[in-house]
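The listed protein sequences correspond, in order, to chains P and V. Just so we're aligned: 221 in the numbering used here is position 221 of the first sequence, and the numbers increase by one with no gaps anywhere. Just so we're aligned: 1046 in the numbering used here is position 46 of the second sequence, and the numbers increase by one with no gaps anywhere.
Think of the hints as simulated: they come from the structure by calculation, not from any bench. Some hints here could point you the wrong way.
Said to hold, decoys possible - Quick list of simulated restraints, FRET-style, between CB atoms:
{"id": "1", "chain 1": "V", "residue 1": "Tyr-1589", "chain 2": "P", "residue 2": "Phe-285", "range": "24 to 32 Å"}
{"id": "2", "chain 1": "P", "residue 1": "Thr-105", "chain 2": "V", "residue 2": "Val-1613", "range": "41 to 49 Å"}
{"id": "3", "chain 1": "P", "residue 1": "Asp-454", "chain 2": "V", "residue 2": "Phe-1480", "range": "55 to 63 Å"}
Said to hold, decoys possible - Restricting the straight-line Cα-Cα distance to at most 30 Å, the calculated cross-link-like pairs of lysine-lysine (DSS-like) are:
{"id": "4", "chain 1": "P", "residue 1": "Lys-112", "chain 2": "P", "residue 2": "Lys-158"}
{"id": "5", "chain 1": "P", "residue 1": "Lys-158", "chain 2": "P", "residue 2": "Lys-66"}
{"id": "6", "chain 1": "P", "residue 1": "Lys-158", "chain 2": "P", "residue 2": "Lys-451"}
{"id": "7", "chain 1": "P", "residue 1": "Lys-210", "chain 2": "P", "residue 2": "Lys-191"}
{"id": "8", "chain 1": "P", "residue 1": "Lys-25", "chain 2": "P", "residue 2": "Lys-112"}
{"id": "9", "chain 1": "P", "residue 1": "Lys-66", "chain 2": "P", "residue 2": "Lys-493"}
{"id": "10", "chain 1": "P", "residue 1": "Lys-451", "chain 2": "V", "residue 2": "Lys-1161"}
{"id": "11", "chain 1": "P", "residue 1": "Lys-490", "chain 2": "V", "residue 2": "Lys-1073"}
{"id": "12", "chain 1": "P", "residue 1": "Lys-66", "chain 2": "P", "residue 2": "Lys-451"}
{"id": "13", "chain 1": "P", "residue 1": "Lys-493", "chain 2": "P", "residue 2": "Lys-191"}
{"id": "14", "chain 1": "P", "residue 1": "Lys-451", "chain 2": "V", "residue 2": "Lys-1162"}
{"id": "15", "chain 1": "V", "residue 1": "Lys-1161", "chain 2": "P", "residue 2": "Lys-493"}
Note that the coordinates shown come from a computational prediction; the quantities given were computed from them, not determined experimentally. For glycine and all other residues, C-beta sits at the position ideal for the given N, C-alpha and C.
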Amino acid sequence: MENFLLTLIAFTPLAGAVILMLFFKREQTVAIKVFATAVTVVDFLLSIPLWTRFDTSEAGFQFVQKVSWIPTIGVSYFLGVDGISVLLVLLTTITMIVATVCSFTAIVEREKEYYVCLLLMATGMLGTFMAVDIFLFYVFFEITLVPMYFLIGIWGGKRKLYAAIKFFLYTLFGSVLMLLGILALYFVNLKLGTGTLTFDLTELYAVGPKIPIGLQSWIFLAFFVGFAIKVPMFPFHTWLPDAHVEAPTAGSVILAGILLKMGTYGFVRFVLPLLPQASQMFVPFMVLLSIIGIIYGALVAMAQTDVKKLVAYSSVSHLGFVMLGVFALNQQGILGGQLQMINHGISTGALFLLVGIIYERRHTREISEFGGLSSVMPIYTTIFAITMLSSIGLPGLNGFVGEFLILVGAFKASYVYAAFAVIGIVLGAAYMLWLFQRMFFGTLDNPENQKLTDCTPREILYLLPMVVLMFWIGLYPRPFLSRMEASVGKVVKMVNVAAAPMNTKAAALPAGVRTQPKAKNF
Amino acid sequence: MIELAWLIPLFPALGVVINGFFGTRYTRDNAGHIASLMAGLSFLVVLGIASEMIFGSGGTHTIHLWDWISAGKFSVSIAFLIDPLSTIMLLVVSGVGFLVHVYSVGYLQGDPGYPRFFTYLNLFMLSMFLLVLGDNYLLMFVGWEGVGLCSYLLIGFWYEKKSASDAGKKAFIVNRIGDAGFLLGMFMIWILTDSLTYSEVFQAAPNMTAAGATAIGLLLFIGAAGKSAQIPLYVWLPDAMEGPTPVSALIHAATMVTAGVYMVARTSPIYAMGPGALEVIAIVGAVTAFFAASIGLVQNDIKRVLAYSTVSQLGFMFIALGVGAYATAIFHLMTHAFFKGLMFLGSGSVIHSLHHAPVEQQQDMRYMGGLKSKLPITYWTFVIGALAIAGIPPLAGFWSKDEILANAFFTGHYFIWGLGTAAAFMTAFYMFRLIFMTFHGEMRVDHHAREYIHESPYSMTVPLIILAVLSVVGGIIPGFPLEGGWIHSFLAPSLAKGGAGGHAASEAVQFVRVAVESGGGHEGPTAIILIILAIAIAVGGIALAWFMYMRNPAVPDDLASRFPGLHRLLLNKYYIDEIYEACIIKPIYRLMNSLWSFDANVVDGAVNGASLVTLVSSRFSGIFDLKTVDGAVNGIASMTKFFSQVFKFIQSGMVQNYLFVMLLGIFMMLSAYLFR
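Construct the complete structure from the given sequences, taking the supplied hints into account.
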């Protein structure tokens, strides 16, 4: 059972999609919804053992399954999860339930195809996070593009085709470069490493540090383009607002909650451990882009008049934080980055759900159309407020824990990084509170808003898990952190293989401030 | 009893849950009673703990609840610390908090947001308790942000008013700037000491370099300046008066705004190592005290006068901290909570009685006057508060304020002492200006509202009376004799010795200490002269107010017309808000809009441009291909060769390969089918 568990989790949605395609008629809309929901719920239940039976002391892969797939070129079907991926898998299975349930009333045409696409999406994403074979990873990584392309292109808004094609081509462009990087690693391994034909990550990890820095930098850049577009990092982010604005609510939730994490995950899983010297060399460059992303994203978010676009640009800012943590290259930073990936999935996912709820009622997302909503929609307002505060990083809610650890890690790397990054938390509060004020405070003067109804039980039901998670991670993050700790520690060791001097605490502050040079610690 | 400290925040948390979930449906009219009960229960627990601390063994006690965040060597717990400093803070917070709860039951009766108000108020108590109880900086920060949130929610309580929601937002964002400093200071503490827990940090503090300690001190002070409304971050506090008056009393006078003072006092072992930071604090405090008092001279809104007075008094507390007199700062924090809480609640009672006057006149002292006979309890308690803040002995303010000024003087900070003394003079003046304009003279209240003026209900007047009693005895009991009062010896274990570790003025401090310890008070002629001077200044300020507003009411207008520039400058609060608007807010708006068009046109334009170039070049190469038919023959040959290579790979006989290709094919067909 343990050996097949991951396969089962990854392919249950695919099986569901096939059954949906073959055995359901277009007109059976209720049955289709019930079945799709059931599949996602079953998938979530299947993934629960990953939480309960996960060994927190083990840094390597667990629940592994390895079968040879294309032996001629050394490709294997190799699945496994570790602390880096396990929470992302769980986040995916939860998000899929929410994404399915939130679509019931929002999607009213071609429902069958829609839910097929959603389920295919799930398999693609789950496989991406589970793959230990880098070729297999690439296959899943690419597969996710297709259903998302349809989700945006068919069920999207006014400029759906433009957004869909832009999303598809832009990410494809990045991943083609990444493929070059993968192939380079593959061939380098033949020469410098084990000398065997393999895409097995656990074997490739050994060859990474031996690659000469020149070649490593090229491979780094290839991976960088692929993942930075996905994250998205400044200046590769412009596909994101378009995709978000045009995508249906569930598409945005999946996009923000999970798809973007494939980029940040890629950096932690592949770039840092496989290319340690290059990663260290590129720290200033990566940190610079992250900080620009944090501040730039926040300022551009502030200028938006469309709620969804505002949330989309806030993602650019938040993911800047994640990348800053990752490239602090120390335990606190990467752990914070990892946790913030989950947090961003929860908070921003919930924000997109909330935007979807109001859009369904008013068919507009212009902030100026709203105002004074708190008097007609008190429950909606309360949930929006909690979500906003979680996104701002208020202590007691999830966002704070991740942001705090990231900043600790950044400060440890260099006080300059942290000093710039804290500007982001001020701006983050500014654009969010301003949005909240314009939407919920003031008088209810737009007659269109006077007949608005508060959240329905179904809406509360799918928002509730998000809110519970916000408080849980905020008040008691231990179970989450402890699951990631060992694996993150391993990544930190691997990336610091060539003892980067910048990661000793003593170097974080200018001379004269520190007491005595301290030993390197993580 | 001490091990039950976790009960203190638990009660208001319960109140939040009860009123938050059931407030609008079930507990509507009883929300105030439930919230007050919770605050009262917390107060009882605090009393129990305080009596054990004061009459019992004292000492330092840690109550560990659970581990909160850990990452590598970084680890922080949820744990509470009971020591003399937190005991005093708890007494002030829970005591004044409870009174304000009771007062609010009457004040907000009938407001549509009644249960919401008490939910927020309990949430505030919870956060404030966490702030003072936490045994580490991170937990203090949690409370710090929590009280900030409640402040935001309560300032904007009447959210339909644009000015109220604007003020709330302003408070939150300005405080966030301070928080950024606090966070950086916290990181630095962790880098230098490997911990955020007070006991461990302070144990390591003596090993810090002066530069390190000064940097931490300054960064933390940015946070303190935000929360405690010091220059340049004070601008949110006057606007915060948009909130209901009990909120102004509790949050924006007695408790939350003093969090910065508490934080600096708590951090005293680090400040002792970085004297440079203390000098900055003293100067900022003195300038703020002077500057805010001068604005208070000419304001006409009763609550704004009190708000600027609060900023000014907080400046006094920072003077005390800056000259190393931490216990004196906490002492003044306590007495200020009594008399300023009293006066805010008193002003609320006045506003409450003018309920039927036009909205814009309810807080404007130019439309008051002669309320003394109609509101006797409010009047007399207010006078006690004003006498206390002016520094008339033996009322509370005299003891704490005089200690601050004496400490500044005896540590050689003559300039700061001068500014403080001038501010004290202005304080006495504007407070009695307020009293004369509000309660004395002829009644200028709108005619329709006059018949409705009445003294407030008992739930409002009883808290006033209790606070008035505390304003009388709250100074002399803990503070007698000057410089040697009980509060100093009680707080001593929690605080660093003033000026230890190379403080520039340490010798002077030691001098005072020796003088105090040997004589028990300000011995010597200088000290006596200072006391006489302080009393004279208080009396002088009151007398001047009487002369200008009672005896000869034409003088203020006369002065205003004789110095129009100065008057306008003060009336418009030195145009600080306008300067911030022009120098910070406007540029940010411009920046954000230009970045947005940069993003849409340049960054995204590059992407679209690249795709356009690809599109055009593919067209051209298509045409080129057609034209070069010659090469086709060779092309076909090489293509055949190429494809045979490719197909050789594909026909590997492995089922998985076929499956993979099939999968791709399915996607392609699916796309054709869906987009037909």
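Consistency of the hints with the structure:
| no. | hint | in the structure |
| --- | --- | --- |
| 1 | V:Tyr-1589 with P:Phe-285: 24 to 32 Å | 30 Å, holds |
| 2 | P:Thr-105 with V:Val-1613: 41 to 49 Å | 43 Å, holds |
| 3 | P:Asp-454 with V:Phe-1480: 55 to 63 Å | 59 Å, holds |
| 4 | P:Lys-112 with P:Lys-158 | 22 Å, holds |
| 5 | P:Lys-158 with P:Lys-66 | 45 Å, violated |
| 6 | P:Lys-158 with P:Lys-451 | 26 Å, holds |
| 7 | P:Lys-210 with P:Lys-191 | 11 Å, holds |
| 8 | P:Lys-25 with P:Lys-112 | 8 Å, holds |
| 9 | P:Lys-66 with P:Lys-493 | 26 Å, holds |
| 10 | P:Lys-451 with V:Lys-1161 | 22 Å, holds |
| 11 | P:Lys-490 with V:Lys-1073 | 15 Å, holds |
| 12 | P:Lys-66 with P:Lys-451 | 57 Å, violated |
| 13 | P:Lys-493 with P:Lys-191 | 25 Å, holds |
| 14 | P:Lys-451 with V:Lys-1162 | 22 Å, holds |
| 15 | V:Lys-1161 with P:Lys-493 | 55 Å, violated |
Violation of the numbered hints given earlier is confined to hints 5, 12, 15; the remaining hints are satisfied by the structure.
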